[in-house]
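**Student:** On the provided structure of chain A, position chain B as indicated by the hints.
Heads up: the protein sequence lines correspond to chains A and B, in order. Under the UniProt record's numbering, the first residue of the first sequence is numbered 1, with each subsequent residue one higher. Under the UniProt record's numbering, the first residue of the second sequence is numbered 1, with each subsequent residue one higher.
Fair warning: there could be bad hints in the mix.
Short, incomplete list of chain A residues facing chain B, as computed with Cβ under 8 Å [claimed, not checked]:
no. : residue
1   : 34
2   : 223
3   : 226
4   : 232
5   : 233
6   : 236
7   : 237
8   : 240
9   : 241
10  : 242
11  : 288
12  : 291
13  : 342
The list that follows gives simulated cross-link-like pairs (lysine to aspartate or glutamate, EDC-like), each with its CA atoms no further than 16 Å apart [unchecked claim]:
no. : chain 1 : residue 1 : chain 2 : residue 2
14  : A       : 49        : A       : 67
15  : B       : 88        : A       : 235
16  : A       : 342       : B       : 140
17  : B       : 191       : B       : 161
18  : B       : 88        : B       : 144
19  : B       : 175       : B       : 201
20  : B       : 263       : B       : 332
21  : B       : 75        : B       : 144
22  : A       : 342       : B       : 144
23  : B       : 88        : B       : 140
24  : A       : 341       : B       : 159
25  : B       : 355       : B       : 328
26  : B       : 190       : B       : 127
27  : A       : 341       : B       : 92
28  : A       : 10        : B       : 136
29  : B       : 80        : B       : 159
30  : B       : 75        : B       : 159
31  : B       : 117       : B       : 65
Hints in this document: simulated from the structure, not taken from any laboratory. None of these values were measured; they are calculated from a predicted model. Heads up, the beta-carbon is just placed ideally off N, CA and C, and yes, glycines get one too.
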Amino acid sequence: MNRKRNGHLKYGLAFAALLALLLLFLGWSLCAGSVEIPLEEVAEVFAWKLGCAPAPGASSAAGIVWEIRFPRALAAILLGGALGLSGYLLQTFFRNPIAGPFVLGISSGAKLLVACLMVFSLGHAVRVTSAAMILAAFAGALASMGLVLLMAGRVEQTAGLILGGTMIGYICSAATDILVTFADDTDIVNLHNWSQGSFSGISWENTAVMCLVVLPASAAVFLLSKPVAAYQMGEVYAKSMGIHVGRLRAWMVLLSSLLSACIVAFAGPVSFVGIAVPHLVRSLFGTSRPLVLIPACFLGGGVFCLFSDLLARTLLAPAEFSISTVTAVLGAPVVIAVMMKKYQRRG
Amino acid sequence: MGNGCFYADRLAAGYGKRPVAEGLSFHAGRGEIVTLIGPNGAGKSTILKTISGGLAPMGGELVLDGVPMERIPRKERARKLAVVFTEKLQGELMTCRDVTAAGRYPYTGRLGLLSEKDQRAVDQALELVHGTDLGDRPFDRISDGQRQRIMLARALCQEPEMILLDEPTSHLDVKYKLEFLSLLREMARKKDLSVLMSLHELDLAERISDRVVCIKDGRMDRCGTPEQVFTPGYVEGLFGMTAGKFDAAGGSVEFSVPGGAVKPEDLPENAVFVIAGNGSGRQVFRKLQRENVPFVTGILFENDLDLPAAEALAAHVVKVPLGPVPEEAVREARAWIRRCQRVICCRTGFGVWEKENEDLFKYAERSGKTAGES
Chain A
1 MNRKRNGHLK
11 YGLAFAALLA
21 LLLLFLGWSL
31 CAGSVEIPLE
41 EVAEVFAWKL
51 GCAPAPGASS
61 AAGIVWEIRF
71 PRALAAILLG
81 GALGLSGYLL
91 QTFFRNPIAG
101 PFVLGISSGA
111 KLLVACLMVF
121 SLGHAVRVTS
131 AAMILAAFAG
141 ALASMGLVLL
151 MAGRVEQTAG
161 LILGGTMIGY
171 ICSAATDILV
181 TFADDTDIVN
191 LHNWSQGSFS
201 GISWENTAVM
211 CLVVLPASAA
221 VFLLSKPVAA
231 YQMGEVYAKS
241 MGIHVGRLRA
251 WMVLLSSLLS
261 ACIVAFAGPV
271 SFVGIAVPHL
281 VRSLFGTSRP
291 LVLIPACFLG
301 GGVFCLFSDL
311 LARTLLAPAE
321 FSISTVTAVL
331 GAPVVIAVMM
341 KKYQRRG
Chain B
1 MGNGCFYADR
11 LAAGYGKRPV
21 AEGLSFHAGR
31 GEIVTLIGPN
41 GAGKSTILKT
51 ISGGLAPMGG
61 ELVLDGVPME
71 RIPRKERARK
81 LAVVFTEKLQ
91 GELMTCRDVT
101 AAGRYPYTGR
111 LGLLSEKDQR
121 AVDQALELVH
131 GTDLGDRPFD
141 RISDGQRQRI
151 MLARALCQEP
161 EMILLDEPTS
171 HLDVKYKLEF
181 LSLLREMARK
191 KDLSVLMSLH
201 ELDLAERISD
211 RVVCIKDGRM
221 DRCGTPEQVF
231 TPGYVEGLFG
241 MTAGKFDAAG
251 GSVEFSVPGG
261 AVKPEDLPEN
271 AVFVIAGNGS
281 GRQVFRKLQR
291 ENVPFVTGIL
301 FENDLDLPAA
311 EALAAHVVKV
321 PLGPVPEEAV
331 REARAWIRRC
341 QRVICCRTGF
351 GVWEKENEDL
361 FKYAERSGKT
371 AGES
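Extracted from the complex, chain A is given alone in its bound form (with noise of 0.2 Å):
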């Protein structure tokens, strides 16, 4: 029982650690930016919005505080998440460590009828909801997942369904350059922003609509850890304990593809967080419990891009890197320490 109670204090460590990075990271980026705003500033500003302070005297910093930065700072941590899980979920429905929504496709998939929608929407001078958004991205997501299936279902190997994937995710992606590129001029600008990936320019509705997609696909996630438990020691076992296999499968398929579809539509595509957070999770926990995993793989997604679009806001503000730009530099190491390692095993 003392073991027992040692693994707790562990996760509870753990979990603590995150959470300490997460509230540091968020009232980090709610100072930081073009505009320096001190922490009792922001303090007031939360103080007054939650309705036991009168309004603060400077104004504008109050507005890019509550309108700009905190909505943004939420998406971030919201879709992070969202990215976390479906990374996690992939690399265990293919039971491969180097998967994830972006190496297999799945988010150019999303990119390419989410820029249709929008070419065809700005063409027809009809304003693009957030859900229609979600809904083209969550289409797209399905048919490259869809692709990738098919090709798991032919190709033996690890290395090739990771081929697969990417290619099926460069063909995407000239797909949408070449919508880019007949577009019109005026769209141009937004579209070729959104399809670098970016939090910016994140409204409180775009995060509302965020939380109604994300937070209840991530507690289907959670319901799910243990069949996931059973499933990832292997199909048979996960048979013999009376799991329905395909069931669980396709749940895993339709959820992962939902939560990164959710990220393309809001931020376009972001990549590495989802293939590096679950691995950075796993060694920081020191467990594969999916009961552990999983809230800890959304925390950490979160942590993960928060601080990624910390910097890209912060690094050269007033401009701003893609945030592919930081999660690439910090997320493809992992990536790569990941595959030195499997490749010794077998080696």
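**Tutor:** The following block gives chain B in isolation, referenced to the frame of chain A:
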């Protein structure tokens, strides 16, 4: 065949359209071990997979506890049936205790949290397989033998009525094989489990099974107690063995004779006569067989420990019924010694009933054929 047992009735198992094996009818009672044997590719794994529910049966009926298995709901089945299969269990970052605890799956709630009772069941299962010390060790860093024991603990933890094992000993060395199978035997009795498994090792199958089911060419060739199944010459036929022998009485395998049985005049020049007895000769026989040296041995009593190996490997065996050795046999043995280049004596001393062998040894010494032997 009432409650508390499993039976298959004209089961057909396979993938796709054609069954790999059909017409399988056998049963396994509580506390019994039933073993499937047969050549590679005979469909043993497919049969086990079908019974486990991983594959739909292509015909026939499976009944567990008096209920047809297709009518047992998945969750219910998971409480009755546990498997230890050859597919390697993925246990990255899992301790042996975690892997064992996975067996509690059918009993835990929505999130799979272990209750006190579950924890106790895990402790107990680990203790049963003598794996309590392994509990905290990472599952992917223990030996194959330990891993199989943990897999068994996982299955026991599931508190099933029946366990299916697919070649559970195939990666284990001799020590672990025996250890694992005796553990299984003990568990079957103690927990009143039906055990159905496939085994490669015929000698072990013969010793451990209550019943043996032989699969050949997609059908059940024989089914019965080991005594009924392992009749002389049967195993060679079952496996289509052309290059060796299965000693049905001793349950061990011997390679084939270098030159086959011969007449004295056909004996090759380099042949050796081995004076054996009381189990002292077997290893010499096998050594000669490996070196491809034909040999004759004698005089052996028909109940001698050396006889099975001698009959499988020697070009000729001079054997006599238990009792005084007839003069005729001694003459025959001397004739063979004259034909042989060398005589090896495996006996360090001769008992009262071995006077004739002692005489043979002296005879060989006089003719200088024991040179080089100590």
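**Student:** Each of the hints needs a verdict: does it hold here or not?
**Tutor:** Results of checking the hints against the structure:
no.: 1; hint: 34; in the structure: violated, 43 Å
no.: 2; hint: 223; in the structure: holds, 7 Å
no.: 3; hint: 226; in the structure: holds, 4 Å
no.: 4; hint: 232; in the structure: holds, 6 Å
no.: 5; hint: 233; in the structure: holds, 5 Å
no.: 6; hint: 236; in the structure: holds, 5 Å
no.: 7; hint: 237; in the structure: holds, 6 Å
no.: 8; hint: 240; in the structure: holds, 4 Å
no.: 9; hint: 241; in the structure: holds, 4 Å
no.: 10; hint: 242; in the structure: holds, 4 Å
no.: 11; hint: 288; in the structure: holds, 4 Å
no.: 12; hint: 291; in the structure: holds, 6 Å
no.: 13; hint: 342; in the structure: violated, 11 Å
no.: 14; hint: A:49 - A:67; in the structure: holds, 11 Å
no.: 15; hint: B:88 - A:235; in the structure: holds, 10 Å
no.: 16; hint: A:342 - B:140; in the structure: holds, 14 Å
no.: 17; hint: B:191 - B:161; in the structure: holds, 8 Å
no.: 18; hint: B:88 - B:144; in the structure: holds, 11 Å
no.: 19; hint: B:175 - B:201; in the structure: holds, 14 Å
no.: 20; hint: B:263 - B:332; in the structure: holds, 12 Å
no.: 21; hint: B:75 - B:144; in the structure: violated, 30 Å
no.: 22; hint: A:342 - B:144; in the structure: violated, 21 Å
no.: 23; hint: B:88 - B:140; in the structure: holds, 10 Å
no.: 24; hint: A:341 - B:159; in the structure: violated, 38 Å
no.: 25; hint: B:355 - B:328; in the structure: holds, 15 Å
no.: 26; hint: B:190 - B:127; in the structure: holds, 14 Å
no.: 27; hint: A:341 - B:92; in the structure: holds, 13 Å
no.: 28; hint: A:10 - B:136; in the structure: holds, 15 Å
no.: 29; hint: B:80 - B:159; in the structure: holds, 7 Å
no.: 30; hint: B:75 - B:159; in the structure: holds, 13 Å
no.: 31; hint: B:117 - B:65; in the structure: violated, 25 Å
Hints 1, 13, 21, 22, 24, 31 from the list above are not met by this structure, while the remaining hints are.
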